[in-house]
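Between the sequences and the hints, there should be enough to build the whole structure, so can you do that?
Protein sequences, first through last, are from chains A and B.
Under this note's numbering, the first sequence has 357 at position 71, and the numbering climbs by one with no breaks.
Under this note's numbering, the second sequence has 437 at position 355, and the numbering climbs by one with no breaks.
A couple of the hints might just be wrong.
Here are some of the chain A residues that sit facing chain B, going by a computed Cβ distance under 10 Å [unchecked claim]:
(1) C413
(2) Y439
(3) P456
(4) P458
(5) I541
(6) P560
(7) A566
(8) Q575
(9) V594
(10) R601
Just so you know, the hints here were simulated from the structure itself, not pulled from any lab data.
Each residue gets a CB set at the ideal place from its N, CA and C atoms; glycine is no exception.
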Amino acid sequence: MLTRRKLLKGLAGGAGVLVAAPITAEARAAKTLPDKALGLLFDGTLCIGCRACIAACKESNGMPPEFTELGIGDYWDSPLDISGKTLNVIKAYRDGTGLNKDQEKDGFAFTKVSCMHCVDPSCVSACPVSAMTKDPETGIVRYSVDACIGCRYCVAACPFNVPRFTYDTPIPKISKCQLCQHRLPEGKYAACAEVCPTGATLYGPVIDLKKEIERRRALTPGTQTTYPRGKIGGTDTYQGPAGHYVARTYGETEIGGTQVLHLSGVSFDLLNKPPLPTVAPASISESLQHAVYNNLIAPLGFLGTLAVLAWRHMRPKAEVAPPAKPPTDADDGGAP
Amino acid sequence: MTTKAATHDEAAPIGGRIWTPFTAVLAVLVILLVVVLGVRFVRGIGAVTNLNDGYPWGLWIAWDVVIGSALGASGFTVAFTTYILNRGKYHPIVRPALLTALFGYAMAGASVVFDVGRYWDMWHVFMPRYAQLNSVLFEVAVCIAAYTVVLFIEFLPVVLEKFGMAKAHQKLDKALFFFIAIGVLLPTMHQSSLGSMLIVFGPQIDPIYQTKALPVLFLVSTIGMGLAAVTIEGSVTALALRRPLERELLAKLMKVGQGLTAIFLLVRFTDLAVRGQLPAIFEIRTLTILFWIETALFATPIVLLLGKGGTQPRRFFIAAMSMAIAGILYRLDAYLVAYDTGAGWHYFPSMGELVVTIGLVAAEILGFIIAIRVLPVLPKMGRTRTAPATETH
Ligand code: SF4
Ligand code: SF4
Ligand code: SF4
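Below, the structure written as structure tokens:
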């Protein structure tokens, strides 16, 4: 039947662009780490689980306490996870007797959960109103409540499940760590790193943090070494044994790399930090969009075709010239 | 030119009582929706939904927006067939199709307002200052909003006709071709983008569903759903109002739908094969079972409409139902079941979410019934339908 064939053929014009797009999509260049990128290094082997960083984060970001079954009554802030009220938590892994630090069997280990400040962040790509932005200089992924419409696309998009939403209020907003950027003008830095007694959470330029990771990996596990405490390059230090690390540095390649890097004594899979592809989903999504909507050329071309056809077929009064088409339905040939 | 006359002269309000037990039930469902939304606006989204940070999008997005607008594709598919391909004989179903689309999109738009947390700032989407051109959601939001306006304009002749505003009507007629054209372009854009929207979720969407072919799959299945919606609406209207069925036209539309479902399955399986995901669909888990149910539902119309029997109203009605449900299930699965953001998160729609979604569907049906009773939407009764030659040129 011609009707069907014609319709399909017509649609193919528009759909062709779409089909061709994924194949011909010129991948938009992967984003790279800004030169002066700032970040955190979290070394699980140094963390003693004191939760000082949770309290400091709350205080310097003006976040409310959260009461859960962990605490007794409404006395202690006791978040179990990051949430609309909590930007940073330390979580523990525990197995069997739970006696040995940083051992997968019969041991325990700590990990930090907060924004990873991705090099190519999904949340920024997703946000329709530029409420999530990446600072071009420091690479800090910021959130602006004044722009946000509360659509939660960022919440759904972030592969680390970081942005959180306040569902319990009629005036909701997104919460996420912004690397304490508001403290930078005061000459201060990330509160969680500042209070960390062992230097497990360390603040600094990502380039320096990466060098520090290399240094730690080169040490013989167990030998005493000096760790920078607070921020890298400062005078404050901490003495401790060198850690025994798993091979992976979490954040090195995950979805194109992140500015928060993790070292651990146990497999990251056990710490709820699963392996992620090295290509940023944001770059796949944006490449595809750009291919289809490249300067709106394809859509406008399609619109032009449609408009001409519609005009010809809808011209008031004028006899629609039926060039190759007889006035009857003869072209529907085979139809009963 | 008779093509135009065919629409304008032959549509008429069907009249009759608006309030019947059926419409009263619909009205009650709409009132319940209003109550739940009242609670949502006073106490927040969490008070009436089961949404959480693991499933920040639920039924309201998957059903009301994604599926609602896909069923609303009836408008652009029929407008395309009638005006772009110049199949004038489809005129009798243009208006009801546009009306279905208008309600579908209006409801999708309305549901965005109460799903979005900071709805008072929604205008940001339209301001260059805030616009984020890389965001798929930005494209979807702007495009759906624009198309809803276009749908109003496309439907406006019906209203102008009703109130005898001949002059305005004439003026609009001159420009209508442009709105028809843009009214085909916009849905192809945002319906495919509703698929692309999942791409940035990356590994959080199961590899069976996560593919760069998402925009193609969504677009193709949307057109099928739109055609199915016209067929279902046409069949039900005919049955409920004891009017003659546009049998031949609907059967032909469903033939097109048959071709589209075949294309959908072809693209889907080719894509799975290319990405090496074929073994995954033979694992036994919830998602794969749903995948096979979808596949069966997509395949049903292909089989049912083979041969001459395909023009039987019962056959094409069942085929349309199957096609629509297949598209619905595909969307629910892609948006909710294939989405997994890590251990420990669960979501099932709450009572409040269900009440709102059901209320919206009720509002659409109620609106449709009222509209066809008071506005010239459906073809005038008693006209002959056997001589297509008089209907085209
Ligand atoms: S971790 Fe999530 S919220 Fe943070 S920058 Fe990356 S995508 Fe955005
Ligand atoms: S919830 Fe706010 S920040 Fe997140 S994507 Fe939507 S508008 Fe952007
Ligand atoms: S950098 Fe600041 S906001 Fe982020 S986790 Fe540390 S203390 Fe909290």
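Would you pick out the hints that fail for this structure and give their numbers low to high? Of the numbered hints given earlier, the structure breaks none, since each of them holds.
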